[in-house]
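Protein chains in written order, with full-length UniProt numbering: chain A, 1 to 399; chain B, 1 to 326; chain C, 1 to 325.
These are calculated hints, taken from the structure and not from any lab test.
There may be inaccurate statements among the hints.
[Unchecked claim] Pairs of lysine-lysine residues, derived as DSSO-like cross-links and limited to a Cα-Cα distance of at most 30 Å, are as follows:
(1) A:K22 x C:K20
(2) C:K133 x B:K33
(3) A:K391 x A:K230
(4) A:K33 x A:K22
(5) A:K4 x C:K79
(6) B:K41 x C:K132
[As the list claims (entries may be wrong)] Not everything, but these chain A residues come out facing chain B in the computed CB check (under 10 Å):
(7) A66
(8) G110
(9) L111
(10) R116
(11) S119
[Said to hold, decoys possible] Here are the simulated distance ranges between beta carbons:
(12) B:F87 x C:N259: 42 to 48 Å
(13) C:E262 x A:E26: 56 to 62 Å
(14) C:E302 x B:N106: 19 to 25 Å
Where is the CB? At the ideal position from N, CA and C, for every residue including glycine.
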Amino acid sequence: MSIKMIEMPRIGESSVEGTLVKWLVEPGEKIKKYQPIAEIMTAKVTTEMPSMLSGIVQEQLIEEMATVAVGEAILAVQTVEKAVEEQVVQAPLKETISQPNTMARLPEKGLSPSVRRLSKEHQIDLTQVTGTGIRGRITKKDIAQYVQNRNQSPQPQVTSTKKVEVKKLIASDTQQVIQPSPIRLAIAKHMEESKSDIPHAWMMVEADVTPLVKRREQLKHHFLEENGVKLTYFPYFVKAVAIALKKVPLLNASWQNNQILQHHEINLSIAVGTDKALFTPVIMHADQKSVRDIAVEIQQIVQHIRAGNLHQVQMEGGTFTVNNTGAFGSVLSKGIINAPQGGILQVESIVKRPVVIDDMIAIRSMVNLCLSFDHRLLDGVMAGEFLATLKETLLQTEA
Amino acid sequence: MKLNMIDAIHLGLQEELVRDEKIYLIGEDIGRKGGAFGATKGLQEQFGADRVMDAPLAESGIVGMALGSAMAGMRPVCEIQFADFIFPAFNQIYSEVSKLRYRTNNDFEAPMVIRAPYGGGIQGGLYHSQSIESFFAHMPGLRVVIPSGPRDAKALLKTAIRSNDPVLFLEHKKAYRSLVEVVGDAEECFPIDQAIMKKQGTDCLIITYGLFVSKAVKVAEKLAEEGYSVGVLDLVSIYPLDQATILDAAKASGKVLLLSEGNKEGNVISEVAAVLAEEILFELDAPIKRLAAPDVPAVPNAKTLEDAYLHFSETLEEETRALILF
Amino acid sequence: MQKTAINYEKMYELLILARKIDERFWQLNRAGEAPFVISGKGHEGFQVALAQLLNQKIDWMAPYYRDLPLVLGFGETPKSVFLNLLSKADDTNSGGRQMAFHWGNQANHILSHSSPVTTQFLHACGVALALKKQGQPGIVVTTVGDGSTSQGDFHEALNFASVFNLPVLFIIENNHIAMSVAQEDQYKQKDFSGFGQAYQIKYAKIDGTNVMSSYQDLQKIIEEMRAEPQPVLVEADVVRLTAHSSDDDGSYLNEQERNYQENKDPVTIFQQELLAQQLLSQEKMTEIEEQISDLIDEVTEEALAAADPAADTLEQFVYEEGEGK
């Protein structure tokens with residue numbers, strides 16, 4: 001014996017729902033297969049609906065005159081049939097339809113007609129272009145990007161207020177001319193724009209992170225075992241910045257075209273450097289993630305960068321930047337804001353220092369937090385409030 | 001034996017009628033008169049009115065009755081007097097003939113041929129000049145075959161008659177008497193599902209069918225004198241397309257010119273262009289060029305207007321040259 | 001063909017079988033198991049008689065969608081019509097490809113037909129032409145509803161059959177309503193005798209709701225056709241006891257139309273005559289009905305459990321494959 005559901009049937013080629021006009025059976029009533037159980041109405045017909053089950057009516061699941069979708073359960077019936085009867089032979093759809101292997105059909109490194117034309121027009125040596133298409137195919141977009149980079153590298157004055165002499169450098173016995181890589185050129189351009197467009201203001205606080213250091217010390221072995229990732233201090237700072245930005249949202253904004261664009265999402269760019277380049281991948285919705293999540297995500301990003309397959313989309317959407325300058329041993333630095341964001345926070349080295357607490361000297365783990373912010377967006381008062389909030393957040397990290 | 005296309009078709013029909021008693025011909029004026037163009041001249045006298053039947057003037061009736069007889073073991077060959085008159089039979093062809101095998105899960109089949117003369121350039125006006133193939137090139141289950149000359153016409157028609165699938169066999173009426181060549185013997189049958197490479201070429205490929213194949217070959221020969229190597233591919237099977245041969249042929253030069261007498265928009269050659277773009281975009285070396293009739297309802301009667309309608313085909317040589325130089 | 005005694009029991013069995021299958025089909029539709037039902041309820045009388053008069057070995061049939069009784073009397077089995085209803089893999093009509101009630105089975109000499117109406121009239125002519133050419137005996141029966149008399153193929157077929165003198169029995173199943181449009185809005189003739197005259201072929205009108213009279217009328221016609229091959233047009237007066245289809249509720253019928261239809265149920269009429277003439281006892285009838293009910297219950301379960309067509313057969317049989325059929 002088991003409880004089975006009778007569903008609203010599909011009657012008519014195009015019906016999607018049905019109305020239960022009248023119940024013809026009551027709970028507790030014994031019904032036979034094909035016995036009419038209800039009067040139903042669809043877009044096309046009004047009809048009696050027979051049961052496909054024999055048994056005892058358990059419950060009417062919808063009321064009279066209710067309209068429900070085809071396939072929705074309307075009546076529960078306690079059946080006496082053996083389960084075997086319910087076996088229905090169904091041809092499995094997914095397994096039987098073979099999927100054409102689209103990838104296999106694509107040409108190895110085929111150049112599309114438009115790429116051929118563009119490379120000719122711009123006199124591009126295609127071996128110098130990095131393809132982002134499937135299997136490294138050079139796409140039309142790649143060519144456009146390449147051309148843009150090439151054009152911009154010697155002429156950064158396009159958006160810059162500073163006039164730079166475009167002069168071909170000449171190598172000498174003592175000097176060598178190095179042609180920067182496209183990515184170096186892109187970084188250079190972006191830095192220049194950020195620095196020249198944004199009126200930077202700067203502020204630094206000292207923060208006591210003794211509880212945080214203790215906490216991390218307790219957890220780090222267990223964390224490595226459980227997640228396969230080393231627990232560093234940085235994820236704690238990322239999380240703390242996210243919390244502080246939530247409390248002082250004015251820094252999580254952009255000054256654009258004399259208007260302020262307030263971001264509701266807190267997406268933190270983190271600066272990750274290699275020997276050649278600087279990447280700013282983004283931790284999306286950092287405020288909604290745990291320290292553990294952030295730690296794991298940063299590790300994945302670093303792996304992507306090392307493998308050279310960090311996607312452009314992974315670097316898009318950032319609303320504020322956190323920079324782990326302490327990793328290089330720095331204790332003080334002035335970050336350049338990652339335009340069009342509103343600020344960047346440099347997290348310096350954590351150092352043990354004697355500090356005075358309640359007129360007593362104590363040895364505490366201290367860190368300098370250096371904030372660069374867009375002075376058009378906010379003033380020192382709000383920036384100070386942000387840093388104070390951040391300090392408080394860090395101090396409250398439970399040991 | 002050298003024959004023109006109408007005589008080659010006549011001979012093909014005659015040979016098949018001799019070969020298989022299940023074959024019979026039916027159409028308007030094909031018996032006593034021998035057909036509007038003479039494709040069946042004398043065949044009623046030779047085979048009797050049961051094998052070469054004059055039908056009442058009703059195209060749906062001709063095709064529908066032929067289908068019924070095919071379901072009961074006969075192999076009818078229908079003649080529609082002009083392709084322009086085929087539309088009363090459209091429902092029988094589309095809903096019945098093309099779907100019979102599929103809808104009966106292979107229980108029934110329709111071994112039948114529908115012959116129809118098509119094409120303009122003979123001052124036939126709107127309703128004796130149309131190229132109607134595109135309407136029928138969207139019917140899985142039906143084959144649409146168009147021969148480009150006497151030898152192919154006979155050898156393809158025989159395969160069509162022997163096929164167990166229904167075939168719409170379209171004959172360009174201007175090709176009936178203008179093309180003459182040596183035809184094959186009674187057993188020469190060409191595959192009806194394969195395109196034919198009429199001429200190899202490495203600078204450019206013209207893909208066409210029917211009457212225009214001979215025109216394309218002439219242009220190719222002329223351009224050869226200028227030192228250009230132009231290929232000509234005859235589609236033969238308008239539906240379904242012989243995609244493998246089309247793609248292979250197009251890869252050689254990467255430059256393809258498509259030529260058809262039907263209206264340009266929605267033409268069967270547009271489907272060929274789509275196949276090329278989809279499958280071998282990276283092998284192409286120039287935009288795919290289509291030369292087809294302007295999008296007016298049909299070929300007008302007045303000579304000036306008819307010439308204007310067909311003018312596109314006169315530009316074949318210069319368009320081919322332009323493509324070679326592209 | 002040798003004249004045999006009329007088998008009333010067999011006809012009653014077929015009538016009840018068709019009726020009860022029809023009723024089960026509607027139940028399956030209303031329970032959401034069968035997507036579509038189009039009924040022959042009310043059309044059964046002459047169909048049951050006709051099935052007895054045909055010889056499946058030599059005769060052919062080009063039916064339409066209201067001919068469940070006819071195809072059941074011409075080789076289709078209860079199982080096969082249930083498989084057809086549910087579009088199962090082993091549906092002999094189309095392997096689940098066609099909508100239900102679209103018949104077609106070469107082994108049973110039943111032609112395949114489509115949904116655009118009346119095309120089968122010409123196919124029937126073609127089969128008759130083939131029989132004639134092949135020197136084979138046999139007649140071809142084809143059916144349409146009264147709505148189809150406006151179609152071009154209807155007239156082309158009558159004319160072709162007349163011109164080529166083809167042994168086709170054309171039957172108009174006149175239920176006086178073409179889906180929803182009333183008779184007077186379809187045609188202005190009082191009956192279809194004018195078509196017989198126009199095409200110079202024999203015409204007869206029969207009471208298609210009455211098995212017994214239909215049997216006698218059709219027997220005479222078919223005997224004539226066998227003796228001298230020729231086309232005949234028969235108008236079978238029938239009733240439509242259901243809506244047009246399961247997607248229709250017949251709400252447009254007026255009171256008068258409804259009453260007329262319901263008073264002419266072929267099952268009731270046949271039962272009354274069989275009892276009155278003492279050709280079949282009430283006990284025998286009840287026994288037949290019970291047996292058939294049990295059979296239908298059994299077949300329903302089998303058909304519901306039968307395999308659906310495999311998805312990978314979608315592209316099969318567009319053209320001839322491999323070595324052919």
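Hint by hint, here is what the structure shows:
1. A:K22 x C:K20: This hinted pair holds, its Cα atoms lying about 26 Å apart.
2. C:K133 x B:K33: OK: C:K133 and B:K33 at ~22 Å, within 30 Å.
3. A:K391 x A:K230: 24 Å, holds
4. A:K33 x A:K22: Answer holds: A:K33 to A:K22 is near 19 Å, not above 30 Å.
5. A:K4 x C:K79: Holds, at about 27 Å.
6. B:K41 x C:K132: 25 Å, holds
7. A66: 40 Å, violated
8. G110: 3 Å, holds
9. L111: 7 Å, holds
10. R116: Check passed: Cβ of A:R116 comes within 9 Å of chain B, closer than 10 Å.
11. S119: This interface hint is violated because 14 Å lies over the 10 Å limit.
12. B:F87 x C:N259: 42 to 48 Å: 45 Å, holds
13. C:E262 x A:E26: 56 to 62 Å: This hint is violated: roughly 31 Å between Cβ atoms.
14. C:E302 x B:N106: 19 to 25 Å: 24 Å, holds
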